[in-house]
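Working from the sequences, and respecting the hints, build out all of it.
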Amino acid sequence: MILNEGFKFHNLLSLGFGIFCIAYLVIWPMFGHFTDKNIWMYAYGYLGSVTVYFLLVMVMYTVTLTLNLVHLKLPKLDYIVVLGAGLNGTEVTPLLAARIERAIAVYRKTPRLKLIMSGGQGPDEVIAEGEAMRNYALKQGIPADDIIVENKSTTTYENILFSHRLMAPNAKFGIAINSYHVYRALVIAKRQGLKCVGFGAKTRWYFTLNAFMREYIAYLRITYKLQLSVILALGVVYMAFAYLKI
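Residue numbering for the sequence shown is 1 to 246, as defined by UniProt numbering.
Hint data in this document are derived by calculation from the structure and do not stem from the laboratory. Because the structure is a prediction, the values reported are computed rather than measured. Beta carbons: idealized from backbone N, C-alpha and C, even for Gly. Mixed in with the good hints there might be a few duds.
Claimed, not checked - 30 Å max Cα-Cα, derived DSS-like pairs, lysine-lysine:
(1) K195 - K109
(2) K172 - K109
(3) K152 - K114
(4) K139 - K109
(5) K202 - K172
(6) K172 - K139
(7) K73 - K139
(8) K225 - K76
(9) K190 - K114
(10) K139 - K114
(11) K190 - K172
(12) K190 - K139
(13) K152 - K109
(14) K225 - K139
(15) K152 - K172
(16) K152 - K139
(17) K190 - K202
(18) K114 - K76
(19) K202 - K109
(20) K195 - K76
(21) K202 - K139
(22) K73 - K109
(23) K109 - K190
(24) K73 - K225
(25) K139 - K76
(26) K152 - K76
(27) K114 - K225
(28) K73 - K172
(29) K109 - K76
(30) K202 - K114
(31) K190 - K152
What the hints assert, rightly or not - Cβ-Cβ distance ranges computed for the label pairs, FRET-style:
(32) G141 - T93: 16 to 24 Å
(33) L138 - E158: 18 to 26 Å
(34) G122 - K202: 19 to 27 Å
(35) L194 - P94: 24 to 32 Å
(36) T93 - A43: 29 to 37 Å
The structure is reproduced here in structure tokens:
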């Protein structure tokens with residue numbers, strides 16, 4: 001990952017997670033010998049429980065993500081929204097091209113489906129991502145009448161919100177994005193009161209794990225109220241244990 005994408009903090013997440021797992025399994029148990037029958041025993045147990053909780057959330061997140069990528073039967077859709085990403089000048093990047101190709105694959109199997117290319121223009125971009133995506137789709141033989149451009153959004157939340165405004169009432173739609181990003185996009189759509197399905201595009205193997213970690217952290221951030229409630233509840237339980245000396 002570092003060799004291909006550079007030495008940046010967000011490229012070290014998978015490495016950091018690996019180090020954390022080794023430390024938790026090998027080093028962390030050693031501290032248990034120094035916490036016997038004192039207040040640190042409860043602190044040790046609390047931190048261990050919080051760690052196990054977040055690992056369980058990660059497992060459930062992974063299972064849910066995988067299930068949302070499986071479509072035994074292609075659903076009937078009116079639109080499919082392709083979420084934008086960075087550009088290389090006026091051209092789409094390989095990562096963004098994979099999203100468009102995934103949407104096109106669904107398009108070719110779905111009668112009367114419209115593609116919505118969603119992505120605004122960043123401060124360092126020559127054109128809006130939606131326009132570049134439209135140009136790419138046209139080169140793949142998609143008729144111009146079947147392509148709708150949304151060129152104002154700057155976040156995933158806005159991608160979905162602004163694209164939905166371009167749809168006919170009561171339309172059914174899907175989202176095309178890289179596989180690791182599907183579940184969070186669906187969560188964001190649900191928070192807007194929208195029901196949709198996700199289609200995941202393939203990603204380079206060395207990029208996938210690191211990107212998954214970023215998405216998991218982002219998921220924790222948008223569900224921070226739930227996560228904070230669980231952490232506080234565990235804290236109350238261990239404080240009660242300490243007070244009662246159980």
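Does 24 to 32 Å hold as the CB distance between L194 and P94, or does it fail? Holds, at about 29 Å.
Is the Cα-Cα distance between K172 and K109 30 Å or less? Status holds; Cα separation ~15 Å.
Can the restraint linking K225 and K139 be considered satisfied, given a maximum Cα separation of 30 Å? Not satisfied, since the Cα-Cα distance of roughly 45 Å exceeds 30 Å.
With a cut-off of 30 Å on the C-alpha distance, tell me whether K202 and K139 pass. 21 Å, holds
Holds or violated: are the alpha carbons of K152 and K139 at most 30 Å from each other? 23 Å, holds
Satisfaction of hint between K225 and K73, Cα-Cα up to 30 Å: Given pair K73, K225 is violated - Cα atoms ~35 Å apart, limit 30 Å.
What's the verdict on K109 and K76, does the C-alpha distance respect the 30 Å limit or exceed it? Given pair K109, K76 holds - Cα atoms ~10 Å apart, limit 30 Å.
30 Å limit on alpha-carbon distance, applied to hinted pair K225 and K76: The given pair, whose Cα atoms are some 35 Å apart, is violated under the 30 Å limit.
Is K190 close enough to K139, meaning Cα to Cα at most 30 Å? Measuring from Cα to Cα gives roughly 33 Å; hence the hint is violated.
Please work out if K152 and K109 have their alpha carbons no farther apart than 30 Å. Satisfied, since the Cα-Cα distance of roughly 29 Å is no more than 30 Å.
What's the verdict on K139 and K109, does the C-alpha distance respect the 30 Å limit or exceed it? 19 Å, holds
Holds or violated: are the alpha carbons of K152 and K76 at most 30 Å from each other? 27 Å, holds
This entry does not satisfy hints 8, 12, 14, 24, 27, 36, going by the numbered hints stated previously.
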